[in-house]
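Chemist: Going down the list, the protein sequences come from chains H and R. For the first sequence, my numbering assigns the number 1 to the initial residue and increments by one for each residue that follows. For the second sequence, my numbering assigns the number 1 to the initial residue and increments by one for each residue that follows.
Think of the hints as simulated: they come from the structure by calculation, not from any bench. You can trust all of the hints, since none of them are fake.
Some, not all, of what chain R presents toward chain H, calculated at C-beta under 8 Å: (1) Cys-40; (2) Pro-136; (3) Thr-143.
Calculated from the model, a selection of chain H residues having no Cβ within reach of chain R, i.e. all distances over 10 Å: (4) Thr-23; (5) Gly-186; (6) Glu-191; (7) Met-195; (8) Ala-198; (9) Leu-260; (10) Leu-262; (11) Thr-263; (12) Glu-264; (13) Gln-266; (14) His-284; (15) Pro-301; (16) Ser-306; (17) Glu-308.
Cβ pair distances, simulated, as ranges: (18) H:Thr-68 to R:Asp-105: 30 to 40 Å; (19) R:Leu-106 to H:Gln-322: 32 to 42 Å; (20) R:His-278 to H:Gly-186: 48 to 58 Å.
Backbone N, C-alpha and C fix where the C-beta goes; we use that ideal spot for every residue, glycine too.
There are 2 protein chains.
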Amino acid sequence: MSIETKSSSHVASEDAILQCLATYFPQNQDEIRMGRGDDCALFHVEHSMAVSTDMFLENIHFRTSYFTPADIGYKALAVNLSDLAACGAKPLAFTLCLGIPEHIDLPWLHQFFGGMADLANTYNVNLVGGDLSRSPTIHISITVFGETTGVSCFLTRGGSMPGDTIFVIGQLGLARVGLDLLEHQGRAAMESWPMACAAHLRPNPHCNAGLVLGRVAFNTRPPALMDISDGLVRDLPRLLGLSGELGLANGEGSSLGAELTLTEEQIHPEVLRWSAAHNINPYHTMMVGGEDYALLGACAPDLMPSLEAAIPEITTIGTITQKGYITCNETPFSTQDGFDHFAKSAQNTASLNHHNL
Amino acid sequence: MSIETKSSSHVASEDAILQCLATYFPQNQDEIRMGRGDDCALFHVEHSMAVSTDMFLENIHFRTSYFTPADIGYKALAVNLSDLAACGAKPLAFTLCLGIPEHIDLPWLHQFFGGMADLANTYNVNLVGGDLSRSPTIHISITVFGETTGVSCFLTRGGSMPGDTIFVIGQLGLARVGLDLLEHQGRAAMESWPMACAAHLRPNPHCNAGLVLGRVAFNTRPPALMDISDGLVRDLPRLLGLSGELGLANGEGSSLGAELTLTEEQIHPEVLRWSAAHNINPYHTMMVGGEDYALLGACAPDLMPSLEAAIPEITTIGTITQKGYITCNETPFSTQDGFDHFAKSAQNTASLNHHNL
Chain H
1 MSIETKSSSH
11 VASEDAILQC
21 LATYFPQNQD
31 EIRMGRGDDC
41 ALFHVEHSMA
51 VSTDMFLENI
61 HFRTSYFTPA
71 DIGYKALAVN
81 LSDLAACGAK
91 PLAFTLCLGI
101 PEHIDLPWLH
111 QFFGGMADLA
121 NTYNVNLVGG
131 DLSRSPTIHI
141 SITVFGETTG
151 VSCFLTRGGS
161 MPGDTIFVIG
171 QLGLARVGLD
181 LLEHQGRAAM
191 ESWPMACAAH
201 LRPNPHCNAG
211 LVLGRVAFNT
221 RPPALMDISD
231 GLVRDLPRLL
241 GLSGELGLAN
251 GEGSSLGAEL
261 TLTEEQIHPE
271 VLRWSAAHNI
281 NPYHTMMVGG
291 EDYALLGACA
301 PDLMPSLEAA
311 IPEITTIGTI
321 TQKGYITCNE
331 TPFSTQDGFD
341 HFAKSAQNTA
351 SLNHHNL
Chain R
1 MSIETKSSSH
11 VASEDAILQC
21 LATYFPQNQD
31 EIRMGRGDDC
41 ALFHVEHSMA
51 VSTDMFLENI
61 HFRTSYFTPA
71 DIGYKALAVN
81 LSDLAACGAK
91 PLAFTLCLGI
101 PEHIDLPWLH
111 QFFGGMADLA
121 NTYNVNLVGG
131 DLSRSPTIHI
141 SITVFGETTG
151 VSCFLTRGGS
161 MPGDTIFVIG
171 QLGLARVGLD
181 LLEHQGRAAM
191 ESWPMACAAH
201 LRPNPHCNAG
211 LVLGRVAFNT
221 RPPALMDISD
231 GLVRDLPRLL
241 GLSGELGLAN
251 GEGSSLGAEL
261 TLTEEQIHPE
271 VLRWSAAHNI
281 NPYHTMMVGG
291 EDYALLGACA
301 PDLMPSLEAA
311 IPEITTIGTI
321 TQKGYITCNE
331 TPFSTQDGFD
341 HFAKSAQNTA
351 SLNHHNL
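So that you can see chain H by itself, here it is in the shape it has in the complex (with noise of 0.2 Å):
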């Protein structure tokens, strides 16, 4: 029931756009009793069943000027997988809430079904319910659902220790490049800087190492692990338990720290291009890009072999103090003006649009 009582011009019908999705979205998990059709979908997990939600909104997450309807599509989806690996649980099913605008099409939903399935097939992720309505702009509302095995840890934030090796898995600032890129010259740009570009468009969910972490933890104690959205400068606190910037070289008390060791080979060649055009510190840019999507963790030194055995893109890049801050190449890190895009007196210019609860 609708409080709009004028007519609809809405180009594709309720039918219509379920019927686009069917093709999509098969339904083919053991675990899942019920899926779309009925008031709720029905899962059965045998052990546990980790729950993450993410919302991807036109014009504050991303723009139709340059992301096509199969990026949004397939992005939406990939900062909620990102969620999932970064607790080392396996990817299961998704509810999806979509909101359109009156101007889209049939053509378009394929697009933007389309991109999202190429993720979901990828992980085997099924579609067991939501929500369309009619919406002013693209709203999407993702809430992924995934599983820990018999063999595997959930894996958390905290429980670093002094000494703990901090790792990354993927590349850090590459997509907060890409962003500044798009915006500036739209998608011309893919051109010249397409790893930037795809970082933004297509930010590539580390589920297949989050579920190794989780295992290789298995019988011992489990690496701290989270996903890296709002940059490094802002989520490496939150890994230690530090409150935000507070902790940030200002050491106060007990709480950890951080020693990061960085070297220009881990900088990606478009972050050092885009940094050297533009006159930044490359590892300033490197540290402050949001929504890299790469997973930051910290474990025992000891377990560092192993894992770069199973995970080849882990990269090392720092130690675990009780020094209460954060210094970058023996440098304290002073922080960025934040992302807190409801503080009353932000002044950046990248600001985060969303706060995970």
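Given chain H, put chain R in place with the hints provided.
Modeler: Okay, now just chain R, sitting in the frame of chain H:
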């Protein structure tokens, strides 16, 4: 990371919002191993988990001109809990995606979370995660989780047989009357039409009745059950397995039908009064009204005495037939223009704005 680059003038910081939220939503369920604050929440449920998701959008599903912030918070959760009720599942937890415009301040959020917490605490349903974002209008997406216990059934829409008794739990048409009055008179309508306005502003999810239905059915053929969100005339065909309007008053083949027998005593006095004032057949008001969030079900006739004993508000409204169409008081009931708000040619004045997958 945001694509917006201008300064934010948001009146509440993220930290203040999170503190506000924490005061209203404790996390105290045994089944929740990890709640808010990490990348995922973690559940352990011994039997099976029911999941549903619904959006609640400003100017689509509600208006701030007559919904208080507390009403918005309450109803956003209520429409989701109603889906759990419709499956006989016990409410356990929920996640919240909240998009808020810049003008929303902390006092507004206190009322919003307070209204939501009123209902959450009634059913001891825990907020286990979510996502906050700026957005142009108020956007709420909620995903709810429920469990089926060892001595109850997960109830679906299917399984009705000819001869089954059709029943309703809750009022029909009252919320639609409330919507009309609130649209025309604002909250002043509450004085003369308190029940109709309340039915629209704060619908009651029939969770306890849903649980009773699941338990009563444990050792017998379970009732078919769903909640009525689009009006009886749209939702009854779904219970019968008819494809929307197609099956109405136009019997084809072997599909199920229904003979409804409605009496004036079953019509709420405010529905009768409103229908008389608008010269509308009150049975019509009762059948087409949306957002009732009543439960609609069907079961073997010999199950009704025990259901009536356990659920005093249950009402018999008819019998399942094998005629493939629906009659109301012996008259074939022809459908109204549907609620399908995506259809190009939608002409009616009350179009539904969401469609569950």
